[in-house]
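Let's have the full structure, built from the sequences with the hints guiding it.
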Amino acid sequence: MLKFWKSGDVNKNERVEEKLYRWLLEEGFTVEKVLDTNSIFRYFATKNGPPKFSIFQSRSKSDCIIVESGVAYNREDEILSRSFQNQTLILEIISNLLCKGFIYKIQPPQLQADKAGGIVFAKPIYYDGLSKDRFVETTSQTINMAIFIIVTLQRHATASTNSVTTPNKIQYLT
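With the numbering used here applied, the sequence shown corresponds to residues 9 to 182, in that order.
Accuracy of the hints is not assured; some may be wrong.
[As the list claims (entries may be wrong)] So the derived label-pair ranges between C-beta atoms look like this:
{"no.": "1", "residue 1": "Glu34", "residue 2": "Gly137", "range": "16 to 24 angstroms"}
{"no.": "2", "residue 1": "Pro116", "residue 2": "Glu26", "range": "19 to 27 angstroms"}
{"no.": "3", "residue 1": "Asn19", "residue 2": "Thr166", "range": "50 to 58 angstroms"}
{"no.": "4", "residue 1": "Thr96", "residue 2": "Ser139", "range": "32 to 40 angstroms"}
{"no.": "5", "residue 1": "Leu43", "residue 2": "Lys69", "range": "30 to 38 angstroms"}
{"no.": "6", "residue 1": "Asp136", "residue 2": "Asn56", "range": "28 to 36 angstroms"}
{"no.": "7", "residue 1": "Asn94", "residue 2": "Asn19", "range": "31 to 39 angstroms"}
{"no.": "8", "residue 1": "Cys72", "residue 2": "Leu33", "range": "15 to 23 angstroms"}
{"no.": "9", "residue 1": "Arg30", "residue 2": "Thr96", "range": "41 to 49 angstroms"}
{"no.": "10", "residue 1": "Lys41", "residue 2": "Val128", "range": "34 to 42 angstroms"}
{"no.": "11", "residue 1": "Lys41", "residue 2": "Phe156", "range": "22 to 30 angstroms"}
{"no.": "12", "residue 1": "Gly36", "residue 2": "Phe156", "range": "19 to 27 angstroms"}
[To be verified] Derived pair list, reagent style SDA-like, types lysine to any residue, alpha-carbon separation capped at 20 angstroms:
{"no.": "13", "residue 1": "Lys60", "residue 2": "Val42"}
{"no.": "14", "residue 1": "Lys20", "residue 2": "Trp31"}
{"no.": "15", "residue 1": "Lys113", "residue 2": "Ile74"}
{"no.": "16", "residue 1": "Lys69", "residue 2": "Asn46"}
{"no.": "17", "residue 1": "Lys113", "residue 2": "Lys140"}
{"no.": "18", "residue 1": "Lys108", "residue 2": "Ser68"}
{"no.": "19", "residue 1": "Lys41", "residue 2": "Lys108"}
{"no.": "20", "residue 1": "Lys27", "residue 2": "Ser139"}
{"no.": "21", "residue 1": "Lys140", "residue 2": "Tyr51"}
Hints listed in this document are in silico derivations from the structure and should not be mistaken for laboratory results.
These numbers were taken from a predicted model, which means no experiment stands behind them.
Glycine included, each C-beta is placed from N, C-alpha and C at the ideal position.
In structure tokens form, the structure reads like this:
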């Protein structure tokens, strides 16, 4: 565990940032630092392509780092737009997010504008529990949750468009 609770430790954020960056590289992630005025630091990371996730420390919550990802879609994608109207589907996604300890925000597409909709989800890791094992576990859970949401939405989209022609395929996907 990292211990940073000495009073007057002004380099705490820098040391955490350096340690997280090194851990991401050790685990084989491609890491990109991003300037964000709302964060003390922010990185985008990916491993062998999507999904991408970010790691940051918010200026308003300086006792933890946050691992965040999301799934977005445009309002022109009618199948996904209809999927987000299905309460059973959304409840399945929400229950999985909650079971894994994620906080989330669901953003429906804005019909008046070409704004994307989607789900953003995040998991904090507090400094008193920050270790490499916990960090790697949280990044893995975040990647797996993004994949789960994508597969769930695709499964629902496939079921709503091909239910008459390919029932065996749909049963297999569920």
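Hints and how they fare:
no.	hint	in the structure
1	Glu34 <-> Gly137: 16 to 24 angstroms	holds (20 angstroms)
2	Pro116 <-> Glu26: 19 to 27 angstroms	violated (39 angstroms)
3	Asn19 <-> Thr166: 50 to 58 angstroms	holds (51 angstroms)
4	Thr96 <-> Ser139: 32 to 40 angstroms	holds (38 angstroms)
5	Leu43 <-> Lys69: 30 to 38 angstroms	violated (19 angstroms)
6	Asp136 <-> Asn56: 28 to 36 angstroms	holds (32 angstroms)
7	Asn94 <-> Asn19: 31 to 39 angstroms	violated (49 angstroms)
8	Cys72 <-> Leu33: 15 to 23 angstroms	holds (22 angstroms)
9	Arg30 <-> Thr96: 41 to 49 angstroms	holds (43 angstroms)
10	Lys41 <-> Val128: 34 to 42 angstroms	violated (20 angstroms)
11	Lys41 <-> Phe156: 22 to 30 angstroms	holds (28 angstroms)
12	Gly36 <-> Phe156: 19 to 27 angstroms	holds (21 angstroms)
13	Lys60 <-> Val42	holds (13 angstroms)
14	Lys20 <-> Trp31	holds (16 angstroms)
15	Lys113 <-> Ile74	holds (15 angstroms)
16	Lys69 <-> Asn46	holds (10 angstroms)
17	Lys113 <-> Lys140	violated (27 angstroms)
18	Lys108 <-> Ser68	violated (24 angstroms)
19	Lys41 <-> Lys108	violated (27 angstroms)
20	Lys27 <-> Ser139	holds (10 angstroms)
21	Lys140 <-> Tyr51	holds (16 angstroms)
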